[in-house]
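Protein chains in written order, with the working numbering: chain A, 768 to 926; chain B, 768 to 926; chain C, 768 to 926; chain D, 768 to 926.
Just so you know, these hints were derived from the structure itself, not from any lab.
All C-beta atoms in this analysis are idealised placements derived from N, C-alpha and C, irrespective of residue type, glycine included.
Watch out, some of these pointers could steer you wrong.
[Said to hold, decoys possible] Cβ-to-Cβ under 7 Å is the rule here; a few derived chain B residues that face chain A:
1) A854
2) Y881
3) L883
4) G886
5) N893
6) W895
Protein chains: 4
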Amino acid sequence: MMDKKLIAVIGGGQSSNEESKVAEKVGRLLARNGVILVCGGLGGVMKAACRGASAEGGMTIGILPGDNRRAANRYVQIPIVTGMGFARNVVVVKSAQAVIAIGGSYGTLSEIAYALQYGIPVIGLNTWSLSKNGQPDSSIILAQSPEDAVDLAISLTAV
Amino acid sequence: MMDKKLIAVIGGGQSSNEESKVAEKVGRLLARNGVILVCGGLGGVMKAACRGASAEGGMTIGILPGDNRRAANRYVQIPIVTGMGFARNVVVVKSAQAVIAIGGSYGTLSEIAYALQYGIPVIGLNTWSLSKNGQPDSSIILAQSPEDAVDLAISLTAV
Amino acid sequence: MMDKKLIAVIGGGQSSNEESKVAEKVGRLLARNGVILVCGGLGGVMKAACRGASAEGGMTIGILPGDNRRAANRYVQIPIVTGMGFARNVVVVKSAQAVIAIGGSYGTLSEIAYALQYGIPVIGLNTWSLSKNGQPDSSIILAQSPEDAVDLAISLTAV
Amino acid sequence: MMDKKLIAVIGGGQSSNEESKVAEKVGRLLARNGVILVCGGLGGVMKAACRGASAEGGMTIGILPGDNRRAANRYVQIPIVTGMGFARNVVVVKSAQAVIAIGGSYGTLSEIAYALQYGIPVIGLNTWSLSKNGQPDSSIILAQSPEDAVDLAISLTAV
């Protein structure tokens with residue numbers, strides 16, 4: 768098996784300019800480190816991350832919710848078509864050895880939850896924070912910058 | 768189509784005594800109101816809720832992650848076998864018209880996230896609370912008691 | 768766990784008059800035998816089987832491919848909403864202890880294949896027949912009538 | 768989007784020597800034609816096809832049923848981890864623009880059925896043949912050799 772790492776970038780299908788910049792930078796850094804980028808294949812954070820990775824010659828995989836490979840953003844090199852709706856979120860997460868969450872809405876939250884459930888490291892950039900019964904849950908590892916997020920993700924990648 | 772409501776009870780596969788009491792009470796109240804209980808079919812909160820519903824003659828459905836119907840708790844009357852692992856969490860949530868979350872770990876969090884993503888009301892009893900970028904997200908409707916939770920769930924059930 | 772058997776009726780979402788008659792009869796006979804009917808929840812054979820079961824006071828479960836419980840035929844008492852497209856075929860089959868196939872197209876064929884893969888008995892009424900490399904595969908048990916199909920299904924139901 | 772074609776090779780997780788030779792040859796030919804190979808990621812026909820593609824420098828994707836990327840055969844370059852059991856068969860098929868079936872058992876039959884249901888061309892090499900109510904169904908396009916199969920698959924790939 769090829770020894771490349773797969774790291775997921777998750778976040779909203781619509782994103783602010785700031786989130787897009789961060790995602791693109793994360794994509795670039797993953798590619799420069801020889802990491803394969805896996806994501807949900809659509810717009811917003813996913814598209815920006817794929818654009819960054821592609822610009823550096825990296826490989827990008829999009830795990831699509833719908834039935835049509837053409838729904839993938841143009842920077843997805845390998846579209847995986849599930850037809851399973853948001854149940855595809857499980858596949859995005861399980862295929863990755865670490866997850867970088869950028870902003871995001873409830874779909875992203877479901878992916879964070881799945882990753883934590885499976886023991887896959889989650890690095891957060893301005894994303895959800897969690898608490899239960901008033902106690903903060905610090906399982907999401909907070910990163911200060913795209914560089915920090917990528918360094919953390921690579922170092923925490925399960926071997 | 769039979770006009771009965773389906774409401775999901777979600778929560779950990781292992782539960783504290785207090786959580787089990789709450790879940791059993793929620794199950795009883797759902798059954799008394801003619802609601803069909805849907806859950807993940809396993810132990811902890813799921814089992815306690817099914818026990819409560821069964822004691823009142825209510826109907827219980829367990830959407831199982833594994834391959835074996837025998838994994839259902841003994842109070843599940845209709846085991847649905849998915850073999851899809853935690854991707855079954857999507858099915859638990861989507862089959863319900865409202866969701867009551869009791870305690871719970873990351874699996875429960877993924878179900879809360881899915882429900883919010885799909886616009887299905889989530890009522891919480893000592894469960895997760897969420898914030899993003901320091902802003903609290905108040906989408907989970909807080910209940911004070913099992914009675915309160917069931918009243919809210921029934922009244923918020925999408926028609 | 769309630770000791771009722773679950774048996775799936777599978778077949779096309781559009782059906783001939785003859786297929787509908789057969790499916791309705793199968794539904795009636797399952798209900799009279801106290802069996803819970805599980806199916807894909809839509810029209811054609813599925814609807815006719817549910818209609819027959821309902822007419823005899825039986826219980827009917829529809830495992831739906833889409834996002835909307837309202838897509839279930841009117842004789843489905845418990846709609847299970849998967850949002851997973853035809854991946855829901857796996858759930859229809861795995862939830863059943865035996866499968867009765869009536870006519871059907873490729874979706875039905877995928878369900879037959881899954882059932883055989885999992886070792887769940889398949890009883891056929893004018894449905895697909897299979898061969899591999901010129902050798903007939905006789906795993907589908909041929910029934911001569913609705914009565915015969917239901918008798919076979921009940922007797923072959925895994926304990 | 769990268770303009771490479773994705774073609775699935777499906778077949779048994781255990782294969783005869785003859786089937787393995789055929790599958791390896793198919794893998795080689797796909798790679799030489801710049802096609803990305805997608806498969807179920809395990810042994811038998813899947814492994815042989817990946818070995819052939821890898822030997823020619825082609826790219827191989829394995830859509831795994833289980834939870835562990837290490838279950839992929841050693842020639843899978845990109846393991847996609849679904850954790851969904853055989854529901855992953857849907858993803859193998861839907862991600863491909865054409866499908867080549869080599870031998871195979873019921874899992875392969877379910878993939879053939881899904882492909883035909885979705886209108887994805889299926890090319891067969893000594894695999895299942897189908898009939899319904901005594902009428903042969905000729906939807907599976909019969910190939911005479913690996914070369915023939917790959918030529919057909921590429922020419923029939925939906926644009």
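Verification of the supplied hints:
no. : hint : verdict
1   : A854 : holds, 5 Å
2   : Y881 : holds, 5 Å
3   : L883 : holds, 4 Å
4   : G886 : violated, 10 Å
5   : N893 : holds, 5 Å
6   : W895 : holds, 5 Å
When held up to the earlier numbered hints, the structure conflicts with hint 4 and nothing else.
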